[in-house]
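There are 2 protein chains.
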Amino acid sequence: MKKTGLNELRKDPLLGRWIAVLSESLPPSEYNGENSREPAKEDSCMLCAGRESETPHEIMRTPGSSPADPSKKWTTRVIANFDPVFMVEGDLGRRGEGMYDKMNSIGANEIIIESPHHAVEPEDIGFEQMIHVVETYRARMADLEKDTRLRYTLIYKNHGRSAGALYGHPLSQLVSTPVIPKRVKEELDNAKRYFSYKERCIFCDIMREEMRIEKRVIIESRHYIAFCPYASKFPFETWILPKRHNCAFQDIRPEEVEDFALILSSVLKKLRSLFPGLAYNYFIHSAPNRITRKDHWHTLGDDYHWHLEIMPRFLRTTGFEWGSGLYILPTSPEHAAKFLREV
Amino acid sequence: MKKTGLNELRKDPLLGRWIAVLSESLPPSEYNGENSREPAKEDSCMLCAGRESETPHEIMRTPGSSPADPSKKWTTRVIANFDPVFMVEGDLGRRGEGMYDKMNSIGANEIIIESPHHAVEPEDIGFEQMIHVVETYRARMADLEKDTRLRYTLIYKNHGRSAGALYGHPLSQLVSTPVIPKRVKEELDNAKRYFSYKERCIFCDIMREEMRIEKRVIIESRHYIAFCPYASKFPFETWILPKRHNCAFQDIRPEEVEDFALILSSVLKKLRSLFPGLAYNYFIHSAPNRITRKDHWHTLGDDYHWHLEIMPRFLRTTGFEWGSGLYILPTSPEHAAKFLREV
Numbered sequence: 004m005k006k007t008g009l010n011e012l013r014k015d016p017l018l019g020r021w022i023a024v025l026s027e028s029l030p031p032s033e034y035n036g037e038n039s040r041e042p043a044k045e046d047s048c049m050l051c052a053g054r055e056s057e058t059p060h061e062i063m064r065t066p067g068s069s070p071a072d073p074s075k076k077w078t079t080r081v082i083a084n085f086d087p088v089f090m091v092e093g094d095l096g097r098r099g100e101g102m103y104d105k106m107n108s109i110g111a112n113e114i115i116i117e118s119p120h121h122a123v124e125p126e127d128i129g130f131e132q133m134i135h136v137v138e139t140y141r142a143r144m145a146d147l148e149k150d151t152r153l154r155y156t157l158i159y160k161n162h163g164r165s166a167g168a169l170y171g172h173p174l175s176q177l178v179s180t181p182v183i184p185k186r187v188k189e190e191l192d193n194a195k196r197y198f199s200y201k202e203r204c205i206f207c208d209i210m211r212e213e214m215r216i217e218k219r220v221i222i223e224s225r226h227y228i229a230f231c232p233y234a235s236k237f238p239f240e241t242w243i244l245p246k247r248h249n250c251a252f253q254d255i256r257p258e259e260v261e262d263f264a265l266i267l268s269s270v271l272k273k274l275r276s277l278f279p280g281l282a283y284n285y286f287i288h289s290a291p292n293r294i295t296r297k298d299h300w301h302t303l304g305d306d307y308h309w310h311l312e313i314m315p316r317f318l319r320t321t322g323f324e325w326g327s328g329l330y331i332l333p334t335s336p337e338h339a340a341k342f343l344r345e346v
Numbered sequence: 004m005k006k007t008g009l010n011e012l013r014k015d016p017l018l019g020r021w022i023a024v025l026s027e028s029l030p031p032s033e034y035n036g037e038n039s040r041e042p043a044k045e046d047s048c049m050l051c052a053g054r055e056s057e058t059p060h061e062i063m064r065t066p067g068s069s070p071a072d073p074s075k076k077w078t079t080r081v082i083a084n085f086d087p088v089f090m091v092e093g094d095l096g097r098r099g100e101g102m103y104d105k106m107n108s109i110g111a112n113e114i115i116i117e118s119p120h121h122a123v124e125p126e127d128i129g130f131e132q133m134i135h136v137v138e139t140y141r142a143r144m145a146d147l148e149k150d151t152r153l154r155y156t157l158i159y160k161n162h163g164r165s166a167g168a169l170y171g172h173p174l175s176q177l178v179s180t181p182v183i184p185k186r187v188k189e190e191l192d193n194a195k196r197y198f199s200y201k202e203r204c205i206f207c208d209i210m211r212e213e214m215r216i217e218k219r220v221i222i223e224s225r226h227y228i229a230f231c232p233y234a235s236k237f238p239f240e241t242w243i244l245p246k247r248h249n250c251a252f253q254d255i256r257p258e259e260v261e262d263f264a265l266i267l268s269s270v271l272k273k274l275r276s277l278f279p280g281l282a283y284n285y286f287i288h289s290a291p292n293r294i295t296r297k298d299h300w301h302t303l304g305d306d307y308h309w310h311l312e313i314m315p316r317f318l319r320t321t322g323f324e325w326g327s328g329l330y331i332l333p334t335s336p337e338h339a340a341k342f343l344r345e346v
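So the protein sequences, as listed, match chains A and B.
Heads up: the first sequence begins at 4 in my numbering, then just goes up one per residue.
Heads up: the second sequence begins at 4 in my numbering, then just goes up one per residue.
No wet-lab data here; the hints were simulated from the structure.
Treat the hints with caution; some may be incorrect.
Identical copies look the same in the list; a pair holds intra-copy or inter-copy alike.
To be verified - The calculated lysine-lysine pairs, modelled on DSS-like cross-linking and capped at a C-alpha distance of 25 Å, are:
#  : residue 1 : residue 2
1  : K341      : K105
2  : K246      : K273
3  : K195      : K14
4  : K185      : K14
5  : K246      : K14
6  : K14       : K341
7  : K201      : K188
8  : K185      : K341
9  : K105      : K44
10 : K105      : K201
11 : K246      : K44
12 : K273      : K105
One chain only, chain A, in its complex shape (with noise of 0.2 Å):
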C-alpha cells in the first residue's frame, strides 16, 4: 500500500534534528500487542528472482551470468521502496509554522537486492556477490548525487528483527535527503572543527593511532583497516575506515571496491561466528552531495572521511541513554577485537 499524501519534515526547534511525519497519521489501536509481522517466507518473497513484475519500479540492476535463467538473470537489483517515506516528486517547500520549520518530505528511498535467493547472505555466497553488492551501493550514491535538491544519501542494512528488518530476503537500504541528518552533520562538524585546530583529518588520526596501538585494531588489508573504536556505542561495534583519506565513498576505484567487499564479508563472517543469529546494523558514513560540499562545511572535503560502521544490537537502550546519550559499554573495545581477531 502506497503513502499518496505529502509527508513533511518538521525541525525539531530545541535539538535541530529533522522529523519525517507520515501523512496519514497510525490510529493506537496499530500499536498494541506485539509488533509482530512475521517476515515473508521464500514462498511469499516478492524479492525473490522470478517475481520482478510485482515489486515497485525497477531503479537498476546487475546482470547475471544466464539471462535465460531466472535466478541468474540478475545479481542485485535496486527497487523504490514499498513504503517510501520521502517522495521524488515535487519541490522542497521550506516554510514556517508558528515558531516552527518544516518543509516537503522530498528524496528517494530504495532497496537494495542483494541476492537473487532468499535466505543467504551475500557474504556467504561468494567474494563475486559481495563485490555486486559494493559496485552497487557505489553506482547509486553516485546517480543520487546528481539530483540538487537532495543533499544527503544514506546506505544502511537492518539485518535481524531485533536490528528492525522486515524481509526475509537479504537488502540494504537507501535513503536520500534533502537535509543532513544530524548524526551526520555532527561528525562534520567535529571532524571539520578538528582539522581546523591541527590542520589533519581526525578519521587519518584515528587511523594512525589504531594502526600504532593495534590492540583494538580486528583485520587490516590492503586499503582498509576493520577496528573497535575506543569509545564505542556498543559492545563489538567494529567501523571499517579505508586507509587512502576520501571523504565520498562513491569516488572509491574499482581496486578499493573488491577490497572492501574482502573486508567487510570478513568482518560480518567474525561476528556472525562469534554470535550466531546476531541482528545488527552497519551504514555508510560520506560526505555529503558535492553541490553543496561547498557551503561552509566542506570547502574541500579534506576534513571528512568515508567510513562503515556496524552495530551489534544485544542491548536494549533505556531511560538512561535516552536521557544521557551517554552509554555503557559491558565490553571493553580491546576485548571485543582480541575476540574478533581471535575468530
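Got chain A sorted already, so can you dock chain B onto it with the hints?
Positioned in the frame of chain A, the structure of chain B alone reads:
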C-alpha cells in the same frame, strides 16, 4: 555482585560523547541467547517492604504512616545501585591516552524505590504516593548538587521490559556524572544560542506557542502543560513543561511538587489506558549543577528550563535512525495529543 574494578569514562573523539567502559569485560557468551533474565517475582524481590536489610546501602527514606507495620514503615526509599557504573569514591583523574581522553567513572548510581508494594505503580495508589516520589526526586537532586565533582544528575524511569526495566518493583533510577551528558549539553547549547538570538527562553516560547495553537496540548494544570512536541522523535512522545521559568528541578516549590505529581499521574494513566502494558521511559532534564552553572554555557540559568520527557517504546530503531539521527513519526503529534486528550 558488585563490581570493584575501576570503570572508566572515555570520550568519543569525533562526537564528543562520553562512554562508560566497564572494567570487567563480558565475554561473547554473555550476549548469546535471549537476554531473558526475568524480573524478580514478588516473593524474591528485595525491594519490597520487610527486606530492607538485604538491599545495598540505604541513602534516604520517606517515613510512612505506621512504623510498626512493615508495609507502612516507609513510602519511598533510595538505595545505592546493585551494580554501580559510577563510583562515589575517588578523584576524577582526567588524563590522555594517546590521542584520546579519559577519566575515572566517578558519580552516583541510585535506585529510587517508589513504593513498598511490589506490582503497583505510584500513580495507581493515590495522589499522596506520587507526591512522595516527586519529593524524593527533588531531595536527591538537591543533595547531589553539593558534590562539586558531579556536574549532572539524571533521574529516569524504565517501565516495561522493552524499555529496559529489570525489576518487577516500581522504581526510578538516578545517575550523577562528572561530565554533562551529550544529549543535555546539546539542549543547553542550543537553548543558549536561541536565548542569545531572541533574548527569550526557547522553552517559554514553545510553551506559549503550544498554548496558542492548542492542538498538541494534552492537559494543562495550574503550573504545567503536557503536550506532544511538534517534532516528536517517537509516536505519542509527551513533554511536561513547567509554566514558571526555572532551570533547576530541585528549585520547584511545594505547590509545584503537588501539581507535578498530579499532571505526571494523569499523563501516565492516559498513556496506559490508550496502550495497556505500555513500555516507556521518562527522564527529567534540568540544568547542570549550580557550581558549574557559572561556566560559559550557564551564566544565569536564564536560558534553560527544566522539563520531563516521556518516550513510549513502540518502535524498533533501525540502521536508519542510528545512522542518520533522523526519525520517522507514523502518528502526528496533533493526532497523538487528540487521542490522549480524549481518553
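Hint by hint, here is what the structure shows:
{"no.": "1", "hint": "K341 with K105", "verdict": "between (47 Å within a copy, 21 Å between copies)"}
{"no.": "2", "hint": "K246 with K273", "verdict": "within (21 Å within a copy, 54 Å between copies)"}
{"no.": "3", "hint": "K195 with K14", "verdict": "both (23 Å within a copy, 18 Å between copies)"}
{"no.": "4", "hint": "K185 with K14", "verdict": "both (11 Å within a copy, 19 Å between copies)"}
{"no.": "5", "hint": "K246 with K14", "verdict": "between (36 Å within a copy, 23 Å between copies)"}
{"no.": "6", "hint": "K14 with K341", "verdict": "between (42 Å within a copy, 21 Å between copies)"}
{"no.": "7", "hint": "K201 with K188", "verdict": "both (20 Å within a copy, 24 Å between copies)"}
{"no.": "8", "hint": "K185 with K341", "verdict": "neither (32 Å within a copy, 29 Å between copies)"}
{"no.": "9", "hint": "K105 with K44", "verdict": "neither (39 Å within a copy, 48 Å between copies)"}
{"no.": "10", "hint": "K105 with K201", "verdict": "between (37 Å within a copy, 20 Å between copies)"}
{"no.": "11", "hint": "K246 with K44", "verdict": "neither (40 Å within a copy, 53 Å between copies)"}
{"no.": "12", "hint": "K273 with K105", "verdict": "neither (43 Å within a copy, 29 Å between copies)"}
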